[in-house]
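Got chain C; can you put chain V on it based on the hints?
Number of protein chains: 2
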Amino acid sequence: MKPHFQPDTRPVAVRPIILTGDRTTGPLHIGHYLGSLRNRVILQDTHDQFVLLADAQALTDNIKNPDKVADNVLEVTLDYLAAGIDPEKTTICLQSALPALPELTMLYLNLVTVSRLERNPTIKEEIRARGFERDIPAGFLCYPIAQAADITAFRATVVPVGEDQLPMIEQTNEIVRRVNRSADREVLPEAEALLSEFGRLPGIDGKAKMSKSLGNAISLSASASEIRKAVQMMYTDPDHLRVSDPGKIEGNVVFTYLSAFDPDQEALAELKAHYQRGGLGDMVLKERLNGILQDVIGPMRERRHAFARDMDSVRDIIRAGTSRARVVTETTLGEVRKAFRLFQL
Amino acid sequence: MKPHFQPDTRPVAVRPIILTGDRTTGPLHIGHYLGSLRNRVILQDTHDQFVLLADAQALTDNIKNPDKVADNVLEVTLDYLAAGIDPEKTTICLQSALPALPELTMLYLNLVTVSRLERNPTIKEEIRARGFERDIPAGFLCYPIAQAADITAFRATVVPVGEDQLPMIEQTNEIVRRVNRSADREVLPEAEALLSEFGRLPGIDGKAKMSKSLGNAISLSASASEIRKAVQMMYTDPDHLRVSDPGKIEGNVVFTYLSAFDPDQEALAELKAHYQRGGLGDMVLKERLNGILQDVIGPMRERRHAFARDMDSVRDIIRAGTSRARVVTETTLGEVRKAFRLFQL
Numbered sequence: 003m004k005p006h007f008q009p010d011t012r013p014v015a016v017r018p019i020i021l022t023g024d025r026t027t028g029p030l031h032i033g034h035y036l037g038s039l040r041n042r043v044i045l046q047d048t049h050d051q052f053v054l055l056a057d058a059q060a061l062t063d064n065i066k067n068p069d070k071v072a073d074n075v076l077e078v079t080l081d082y083l084a085a086g087i088d089p090e091k092t093t094i095c096l097q098s099a100l101p102a103l104p105e106l107t108m109l110y111l112n113l114v115t116v117s118r119l120e121r122n123p124t125i126k127e128e129i130r131a132r133g134f135e136r137d138i139p140a141g142f143l144c145y146p147i148a149q150a151a152d153i154t155a156f157r158a159t160v161v162p163v164g165e166d167q168l169p170m171i172e173q174t175n176e177i178v179r180r181v182n183r184s185a186d187r188e189v190l191p192e193a194e195a196l197l198s199e200f201g202r203l204p205g206i207d208g209k210a211k212m213s214k215s216l217g218n219a220i221s222l223s224a225s226a227s228e229i230r231k232a233v234q235m236m237y238t239d240p241d242h243l244r245v246s247d248p249g250k251i252e253g254n255v256v257f258t259y260l261s262a263f264d265p266d267q268e269a270l271a272e273l274k275a276h277y278q279r280g281g282l283g284d285m286v287l288k289e290r291l292n293g294i295l296q297d298v299i300g301p302m303r304e305r306r307h308a309f310a311r312d313m314d315s316v317r318d319i320i321r322a323g324t325s326r327a328r329v330v331t332e333t334t335l336g337e338v339r340k341a342f343r344l345f346q347l
Numbered sequence: 003m004k005p006h007f008q009p010d011t012r013p014v015a016v017r018p019i020i021l022t023g024d025r026t027t028g029p030l031h032i033g034h035y036l037g038s039l040r041n042r043v044i045l046q047d048t049h050d051q052f053v054l055l056a057d058a059q060a061l062t063d064n065i066k067n068p069d070k071v072a073d074n075v076l077e078v079t080l081d082y083l084a085a086g087i088d089p090e091k092t093t094i095c096l097q098s099a100l101p102a103l104p105e106l107t108m109l110y111l112n113l114v115t116v117s118r119l120e121r122n123p124t125i126k127e128e129i130r131a132r133g134f135e136r137d138i139p140a141g142f143l144c145y146p147i148a149q150a151a152d153i154t155a156f157r158a159t160v161v162p163v164g165e166d167q168l169p170m171i172e173q174t175n176e177i178v179r180r181v182n183r184s185a186d187r188e189v190l191p192e193a194e195a196l197l198s199e200f201g202r203l204p205g206i207d208g209k210a211k212m213s214k215s216l217g218n219a220i221s222l223s224a225s226a227s228e229i230r231k232a233v234q235m236m237y238t239d240p241d242h243l244r245v246s247d248p249g250k251i252e253g254n255v256v257f258t259y260l261s262a263f264d265p266d267q268e269a270l271a272e273l274k275a276h277y278q279r280g281g282l283g284d285m286v287l288k289e290r291l292n293g294i295l296q297d298v299i300g301p302m303r304e305r306r307h308a309f310a311r312d313m314d315s316v317r318d319i320i321r322a323g324t325s326r327a328r329v330v331t332e333t334t335l336g337e338v339r340k341a342f343r344l345f346q347l
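These protein sequence lines are chains C and V, in that order.
Final position of the first sequence in our numbering is 347; the numbers increase by one with none missing.
Final position of the second sequence in our numbering is 347; the numbers increase by one with none missing.
With the rest of the complex left out, here is chain C (with noise of 0.2 angstroms):
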């Protein structure tokens, strides 16, 4: 596989370097489309993309269970490659297979302090999420670090998150300024976040978060039979009873969807009027929510299956990209080495 930087062509401040990445906990859904994959697919043809396969990260929560961990390597792989993630545009690499990510964070581990890390509100709440209370792993405490590690070692710039994730990009900065004052130099650039356009996607219950475990996910291998049956199942406004009663869009989740995905945005409106005065019924609006679903996942199923059908070229995609993400995250670390003045063998 070629390349997809060449120095000579593409000068580092014409194309800035974006960092996203996924645990690799499960296989992706439609929220993750929406938050995150479709974006990636546009970023692909303006930016140096890197997209993490965050497998180390995802022991720091299931060092107990790391089959789920290893085995969902390859799911979201077909995931990135389905959703038009291309690899000759895109980056795809195994964050367990760079040294220098460890070996930065190790590094890092000096520059923060233990109550800074507790401070964090981001992990002050996963924390509690996760009822760790006291009994925290060291390793999820620490991973603000390992991820301003991450950040910093692909020189990212750009690091597209969630409006909860703000304070890891302001402590990946923090480490930024404390590096390049220590070589007295700018060796890290220092990192924005790229808040997604979409908050997070609903489950089809209308629960605040989507996940397989819990059911309510309609994941991006789903066939034309689940996709039918899980926006059949939606949420809508449970008191909107009769076709003829006014309804609320509020909270309803075949809208919520609508809003996201429906590419005529102003029928879209004119319908929400209509419920909203009543005369609507559900099922029309699920009959095109399922249409517009279809159209969606079918042609990243598609992909998928054919991708499939060749798992080691999947393979060779994410041995190729980790070998390109080896030779940048190698030098960056060479600089940061060179900024705490180790010594050279």
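It should be emphasised that the hints constitute simulated quantities derived from the structure, not laboratory data.
All C-beta atoms, glycine included, are put in the ideal place defined by N, C-alpha and C.
It is possible that part of the hints are untrue.
Straight-line Cα separation of at most 30 angstroms, DSSO-like style, residue types lysine-lysine; simulated pairs [as the list claims (entries may be wrong)]:
hint : chain 1 : residue 1 : chain 2 : residue 2
1    : V       : LYS231    : C       : LYS66
2    : C       : LYS91     : C       : LYS66
3    : C       : LYS70     : V       : LYS340
4    : V       : LYS274    : V       : LYS231
5    : C       : LYS340    : V       : LYS70
6    : V       : LYS211    : V       : LYS126
7    : C       : LYS66     : V       : LYS126
8    : C       : LYS126    : V       : LYS211
9    : V       : LYS91     : V       : LYS66
10   : V       : LYS126    : V       : LYS70
11   : V       : LYS214    : V       : LYS126
12   : C       : LYS126    : V       : LYS126
13   : V       : LYS250    : V       : LYS211
14   : C       : LYS211    : C       : LYS70
15   : C       : LYS288    : C       : LYS209
16   : C       : LYS231    : C       : LYS209
17   : C       : LYS209    : C       : LYS126
18   : C       : LYS340    : V       : LYS66
19   : C       : LYS231    : C       : LYS70
20   : C       : LYS231    : C       : LYS214
21   : V       : LYS231    : V       : LYS250
22   : V       : LYS288    : V       : LYS66
23   : V       : LYS126    : V       : LYS209
24   : V       : LYS340    : C       : LYS214
25   : V       : LYS209    : V       : LYS66
26   : C       : LYS91     : C       : LYS126
27   : V       : LYS214    : C       : LYS340
To be clear about the criterion: a stretch of chain V counts as covered by chain C if any three or more of its residues have a C-beta under 8 angstroms from a C-beta of chain C, and this derived list gives those stretches [unchecked claim]:
hint : region
28   : 89-101
29   : 143-151
30   : 313-324
Chain V in isolation, oriented as in the chain C frame:
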């Protein structure tokens, strides 16, 4: 340089593996010699001995002064060679040049909780001693895990430590058992502490801690006149004013040093009795100690000068040792990665 171990002639079971090392924060002194170097010179004939130049660990509390850490890598190596550590028998290697160590550390971080680390008595004590309070660098809190990575990476079963470091061995073996349980077979051996025969040698002023920065150390590169001067300044019994007075042995640094280094312990026992009766002057004892220390340090100083004349070959010794260590540690990392089912590219 010929590698000192050859799998066909030296089965692992015959030669136990020993890991020791020093933080590269300053030249070594006679206290290091008594507490560890002297023993290493003996152990290298019966063990596969690895000695780690622990520059990465030194950074955990020296990140604001990294030059000190790098500058002392060659100094400490010269001290090793001067003390009689033979690079044909002992593998001298540079911690920061072994990427398997941070990789193992990051994996192990997932196995240990933050509260378990905070309960570590050594860490507790060192946090207090360094005045870190709540501003402990995360790297410092995590360093028992980094030490577990060091010990297990070399598959060391013998680890020379002071009494105060026993919790480190305990922490290491907890991790070993977790890894073996995850693999469902013995991937890593448990380690045993080798307690040093001698406690800590006090400074020449009688303070418990000997260190270059306190100005109370006798360095292994001290000149003949520096040794003489240090012995002359040595704290004895402040109430022993006249030769005829009875003198105290306890807390008398000259006797502490004589107990540690005098090759004729029978004669020393008589001198002690004489001193306690009265009639034995400090100067006689200091003259005796001076002669002994000159005999200990003189040959080291000469060997040091000989090695220092060819610093390229000293660097080569570190390079060769680090290459050997890389093979060993990468092999262990591969096994541990399998234990946690990491995806194999």
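Proposed proximity, LYS211(V) with LYS250(V) (alpha carbon, max 30 angstroms): Roughly 21 angstroms separates the two Cα atoms, so the pair holds.
Holds or violated: LYS231(C) to LYS214(C), with C-alpha atoms at most 30 angstroms apart: Cα-Cα ~15 angstroms, so holds.
Do the alpha carbons of LYS91(V) and LYS66(V) lie within 30 angstroms of each other, as the hint requires? violated (35 angstroms)
Hey, LYS214(V) versus LYS340(C), does the alpha-carbon distance stay inside 30 angstroms? holds (27 angstroms)
Does LYS70(C) lie within 30 angstroms of LYS231(C) when you go C-alpha to C-alpha? Answer holds: LYS231(C) to LYS70(C) is near 27 angstroms, not above 30 angstroms.
Does LYS66(C) lie within 30 angstroms of LYS231(V) when you go C-alpha to C-alpha? violated (60 angstroms)
For a C-alpha distance cap of 30 angstroms, please report whether LYS288(C) and LYS209(C) respect it. This hinted pair holds, its Cα atoms lying about 18 angstroms apart.
For the pair we were handed, LYS209(V) and LYS66(V), check the Cα-Cα distance against 30 angstroms. The given pair, whose Cα atoms are some 27 angstroms apart, holds under the 30 angstroms limit.
Below or equal to 30 angstroms on CA atoms is what counts here, so check LYS91(C) against LYS126(C). Outside the cut-off at roughly 36 angstroms; violated.
LYS91(C) paired with LYS66(C) [C-alpha distance capped at 30 angstroms]: violated (35 angstroms)
Has the given pair, LYS340(V) with LYS214(C), been kept, meaning a C-alpha gap of at most 30 angstroms? holds (27 angstroms)
Pairwise hint evaluation, LYS126(V) against LYS211(V), where the allowed Cα distance is 30 angstroms at most: holds (18 angstroms)
In this structure, the earlier hints numbered 1, 2, 8, 9, 22 and 26 are contradicted, and the remaining ones agree with it.
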